[in-house]
Every structure is written in C-alpha cells, then in structure tokens.
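Asker: Sequence:
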Amino acid sequence: MSKFMEDDQDVNDEIQNFIKVWFYAILSLVYCYYVVSKLIPKGVLRLIFLLPVFYLFTVLPLSLNSLHLGVTSVFFLTWVGNFKLFLSAFNLGPLCAPCAVAHPPDRVCSSSSSSTDPSKSILLFLCLHCLPIRLKPNTSTTLPKTKECYPYATIGLQVLILSGLIRIYDYREVLHPNVILVFYYLHIYIGAEIALAIGGALGGIILGQELEPPFDKPYLSSSLQEFWGRRWNLMVTGILRSTVYDPVCRFFTPVAGKVWAQLLGVFLAFVVSGVVHEAVFYYLTRAHPTWEVTWFFVLHGMCTIIEVVIKKWLNTSRSSKWVLNRWVSRIMTVGFVIVTGIWLFTPQLIRNGVDTKVLHEYRIFGEFVTKKFHKFLHYVNHQLN
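First residue of the sequence shown: 94, per this note's numbering; consecutive thereafter.
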C-alpha cells in the first residue's frame, strides 16, 4: 500500500506530483490530436503510434500516493483514457467528436479532416478525454444561458450526505460491522457520483454544450439490466459497449446467431470491467490482486444474462401474465447489488486499510486547507492594515 501523508509538506509534494501527472497527460493528448489523428491513418499503424501514450497513462498514476488524487487519475487516464484512445485508433468513440462537430454526421474523423475552429476542436478533444463527459446527441451545439449543464443542488446534497457519513465513521466502534460495510458501499457510490458530476459540470461550463448525466438514479433500477445498462456510470457503459459488446456481436452473430452473440457480448463486457476494476484496486492497495472484484462482475454478468433470458421467456410465453411489482423489483435489484458488493467488492479495500487511509486523507487535506485559508486571511488583514 502507498504511504500515508503526514504533514503539509507531504500534501504539497502530492499536489505537485498530481500537477506533473496531468501536465504530461495533456502534452500526450496534444501529440495524439495534432500528430497521430491528423497524420497517421486509422488502423493498426495509428494504434502503434499510440502505444507510448498507453504506457504513460498506465504508469503516471503510480507516482501518486493520495487515494483521492490517485484514483481520479487512474480512472480518467489508465482506464477510460486508454479505452478512448484505443477506439480513436479506428475512428471510433468520443474522441472523434471534434471532427463530428465540424462536419456532417455521416462523416467520420479521419487524418485528413480538420475543424473549422482548431482552438475549439483541441479544447473539445481534451475535455472529452480528461473529463467524464459525453455530448448529448441531437442537441444544439451551444447550450442556452438559462439552462444549467448539471443540477448543482444535487451535487451539494450529495456532499452533505458524504459529510454525514464521514462523521458517522467516528462511531464505528459502537456500530455493527455490517452496518459499517453498507455505509462504505454507499460512500463509494456517492463519492463516484460527486467526482463524475463535478467533472461533468466543469465540462459543461468550459464547452457550453449540453452533456449527458454520468448517472441516472441507479437506486431506482428495477433490474440488473437496467442498473448496469441504463443507469450506472453511463460513460463507462458506452465505452464498454463500443470496445467489447459491439465487436463481439459483429463477430459472433454470423456464427452463433444474434441472441447468443448478444448474451456473449454482455458477459464479456462484465468480464473486461471486472479485470479493469481489479487493476484499479491494485493502484489503490499496491497489493497482489485477489480477483474478488473480478468475480463480482462475473457474477453480475451471469445474473444479468439469466435475468434477460427469463424476461424473454416470460414475454414470449402466452400463458404467463405475471409481472413483479416495480418497487419490489427495485428493492431486490439494489439489495442484490449491495449484498454482493459487501461480499466481493469491499473486503479487499478493508483488508488493505484503504478505508482507514481515506479517513486519514480527509483529515490531512482538511487541516491543509484550513491552514492555507488562515494564512490567506492573515495576509489580507496585513495588507488592509
């Protein structure tokens, strides 16, 4: 496990490392935009020219010790970033959007394409890569001034809930361990939604375009298919659809038929997601993988397939008129996600002390910000007097 930050100097060093990581990442993306995407034809050759960037995006987060700064960099660069770049090597995915803005929808991004406004195109390219955003299809390019890019009140409410959870952790000794595990799982969800929401709000402000929300109230899901496919972390869902599900369906449909190809595509998307999550956990713990997280996604992939098959059978069965109450199905779905998450998702984090380090970082960063704020007030007061 990476070391704990103990004082202001450690925090300063970590912030400097974080800035360096993203400085090199942005330089790499500038290379991708001006050299690779414009001069190298799509296909294997472009993929080869992207290999150094794949390597950088994989090793750069290893220089960070902070869990919060580290997991943010791992998610945006090592996971989502590398997947987006892989798609762009074949003119697929969101990183071709700058060209799509400048050209009609039926044209794809190519080495010969150029935007009518290069400054806006490179900005859009960087935002699509560095921020958890997806442009909303079939909407006007410019967002009306009266329309918000993201419900900021929701972010504020989630921050308040997260603050309450952190305070509850002070009483861990008197709470049942299973209750604490539920709170940990809720913490992971709220923390992820806050991080992606802030990134989405920032992207909306910079680009002035309407964006799709990163989540769509996953706690209202009435099935696993709805939870993973239409409500949870929609950006990652779209990337897995483009990198895993669609290619599997195209390859296996002529061989096994459409239905079996779709089921295989769903399962392999879950497997890939599990392996990537396992890699993210390595960055968090710096410990050998136990594959518990991978099995979590394998289990959910199998259960989702079973669910889809049963629903298809019920829909085609003439004698079946039975429909499960929507609220009951919601409770069962969310309950299944929480129970299996507590069983397979959180143990590796607790075993490696990630929960303790998270709370430690909250305290260290809180003290750091408080000291800086007091110094700022002292400086202002000194200047006024």
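It should be emphasised that the hints constitute simulated quantities derived from the structure, not laboratory data.
Among these hints, one or two may not hold up.
As the list claims (entries may be wrong) - Here are the simulated DSBU-like pairs of lysine-lysine, each with C-alpha atoms no more than 35 Å apart in a straight line:
#, residue 1, residue 2
1, LYS351, LYS468
2, LYS113, LYS468
3, LYS113, LYS131
4, LYS351, LYS310
5, LYS135, LYS404
6, LYS229, LYS405
7, LYS405, LYS464
8, LYS229, LYS113
9, LYS465, LYS229
10, LYS229, LYS131
11, LYS113, LYS404
Unchecked claim - Pair by pair, the computed Cβ-Cβ distance ranges are:
#, residue 1, residue 2, range
12, VAL123, CYS396, 20 to 28 Å
13, VAL421, LEU144, 45 to 53 Å
14, ALA372, ILE431, 22 to 30 Å
15, LEU155, HIS453, 30 to 38 Å
16, THR463, CYS396, 42 to 50 Å
17, PHE344, HIS453, 41 to 49 Å
Small disclaimer: the values here were computed from a predicted structure and weren't measured.
Each residue gets a CB set at the ideal place from its N, CA and C atoms; glycine is no exception.
Asker: With reference to the structure, classify each hint as holding or not holding.
Answerer: Hints, verified against the model:
| no. | hint | in the structure |
| --- | --- | --- |
| 1 | LYS351 x LYS468 | 65 Å, violated |
| 2 | LYS113 x LYS468 | 25 Å, holds |
| 3 | LYS113 x LYS131 | 26 Å, holds |
| 4 | LYS351 x LYS310 | 30 Å, holds |
| 5 | LYS135 x LYS404 | 40 Å, violated |
| 6 | LYS229 x LYS405 | 30 Å, holds |
| 7 | LYS405 x LYS464 | 60 Å, violated |
| 8 | LYS229 x LYS113 | 31 Å, holds |
| 9 | LYS465 x LYS229 | 39 Å, violated |
| 10 | LYS229 x LYS131 | 25 Å, holds |
| 11 | LYS113 x LYS404 | 50 Å, violated |
| 12 | VAL123 x CYS396: 20 to 28 Å | 43 Å, violated |
| 13 | VAL421 x LEU144: 45 to 53 Å | 50 Å, holds |
| 14 | ALA372 x ILE431: 22 to 30 Å | 24 Å, holds |
| 15 | LEU155 x HIS453: 30 to 38 Å | 20 Å, violated |
| 16 | THR463 x CYS396: 42 to 50 Å | 46 Å, holds |
| 17 | PHE344 x HIS453: 41 to 49 Å | 47 Å, holds |
Hints 1, 5, 7, 9, 11, 12, 15, counting from the list given before, are not met by this structure.
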